[in-house]
Structures are given as structure tokens and as C-alpha cells.
Amino acid sequence: MRLGARDTTGFRRFELNMTPMIDVCFQLLIFFMLTLKVFATEGDFDIKMPLAAISEGTPKEIENPPIIVRMKADSRGRLAEILLTEKPLKSFQELREEIKQLCTGRDTTTLEVELDCDYVLRYEYVMEAITHVSGYVDQNGNIVKLIEKIKFKPARGGPVE
Amino acid sequence: MKLFRHHVASETCNPDMTPMIDVTFQLIIFFMLTLNFVTEDQSERIKLPESELAKPPEAPWESPIILQLTDAKPPTVIVGGDEVGLGLIKGILQREKQRLQELGRSAAKATVIIRADRQAHTGTVQKLIKECQDLGFERFVLRAREKYTPVSQRT
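Which chain is which? The protein sequence lines are G and C, in order. FYI, in my numbering the residues of the first sequence are 1 to 161. FYI, in my numbering the residues of the second sequence are 1001 to 1155.
Bear in mind the hints are in silico, worked out from the structure with no lab data behind them. The structure displayed is predicted, hence computed values, not measured ones. Check the hints yourself; a few may be wrong.
Said to hold, decoys possible - Quick list of in silico lysine-lysine cross-link-like pairs, DSBU-like style, CA-CA up to 35 Å:
#1 G:K145 <-> C:K1130
#2 G:K72 <-> C:K1090
#3 C:K1055 <-> G:K87
#4 C:K1090 <-> G:K37
#5 C:K1147 <-> G:K145
#6 G:K37 <-> G:K90
Use the sequences and the hints to build the structure in full.
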């Protein structure tokens, strides 16, 4: 480091040694780069799980009974069968088409889906079913909502040891 | 005595460091701002299921409690950085409920966010929800990872 060196005009020129600062900066940069964790965007699905209300007298007549989506699992937890109110479906895409038809011309806020699943069914299939009944992404990338009220029936069977 | 004096042509090269330092500082600031220290609520062990409809909530949830269900056998729940068996979750939820009551809030208005592993059993997820319901929690959200839908697959 040269402090106080005279230049051609006779003024003293102070040259700061930048090397340590650059070293520290690069170390900081490497630290932050290595500790960076990129998380994928996460979203939430609201599900309806109210406590059983104690009602008195005769129960009110249900206007729209819930649409039952039954999902059966094989012994390894993979999806074996989907039934929409007893009607077998080939895929989740077909489930969405059926739900779309059910929603046509109706107030979707009055509709409700009840998921009836086997205990061992992998959770990813449940999320797939929730996705397909609750909406879809149209050609413009906008979300079109179908049925948002989703609830669960108690799981069938029990854990496989 | 030196008869001849050799003039060594010495050229000092002083590159302008300013742009490089500018860029370095900008990079440091970027990484500092994107740094996420709070990772206990987003355990890397949980492989979330994907959904094309999963979008971040528009407003933050009221009194959120994040429960992360693993696919371990027997299943465990990660809550506040601690991993406990499903059987012990009731005690933790009871403490959460007491904490909410001390803050003048009710369990019914709190939101239980469930981050369950995609391989977890559906029955286990429902069991976890049931444990929460038994203590008066009513509002539940299921968390999923956002999945991009290609234009060709859009309906």
C-alpha cells in the first residue's frame, strides 16, 4: 500500500488497498450462495372438517347430499379404483369432466364433495382428487373453480403392519 | 560504479475494480434477502404432493399451526422443529391450545396447516385431523407444492 506518494502534480495520492475487502465480499458471497435454499411455491387447500354439531329435534332435509368420491387402494397404497357415487371412473381427468357436468348450471357453493378413501391409500392420490374436483387451469392459465367444499369420510380399514 | 543504467520498462496495471465491487455487493444483497433461515416449518423430509391449483394464500392464515406428517413407519409428526410420534401429538396440541387461550384466541379460529408427505397413508392424515378436532381445532388446510401445467394440458 502506498500512502502519501506524490503524483506528477505534486499532490499526495492515497491508494486504499481493496484486496481484503474484496476477499471478504467474495467470502460473504460464497457463504450466501451455499446457504441459499430454493423452496418451491406452496399452496393450500381449505377443507371442511367441522365438529359434529349437537342438534335437537328432527334433522333438516339435506338440499344437496354430498357427492361421494370413493377411492380404493391396493395393498401397497396405490390407487386401484375411483368411483363417483358408485360409477367407476378410469382416471382423475374423467372425474373432473363428471364434476364439471355436475356443476353446469348450478350454484357450486351449495355442492360438496366427500372423499371416501381406504386407510392405506397414499396421500398424493387424495391431493390429486382434491385438485380435480376443486377446479382446473383454463387455456389462459386462470384457475376456474368447481367445488370448494371438501370433506372426508372416516377412512376404511386400518394400517397394514 | 555503474556505467550503464538499465531502464526496466515497468507498467503498473490498475484495473478499475468499481464495477466488480458493485456487482458483488448487489449479489450479496440479493442472497441476503432471499436467505431463508426459518426452515423448521418446511422440513426437507416432507415430499409434498403436487397440485396445479396450489397457490399461496392471499392473506396469512389466522394463528397457524404447522403439522408436518412424515411417511415414517410408525408415522411421526414434525412440529416446531421437534419430531414426535402420532400418539404424542395430543400433548403438543394441548400446549398450543393453552398458548392460544392465553393470547385471547380460541382453538376453533386457529388454522391447522397440514404438510403431509405424499407417501403417507390417507388414514394417518385423517387420524391427525381427528386428534386436532378432539381438542377443538376446526379449521384445516392441506398444503401442496405448486405444479406448472403446460399449455397443451390445460382444459
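Output the numbers, in ascending order, of every earlier hint that fails for this structure. Failing hint: just 6.
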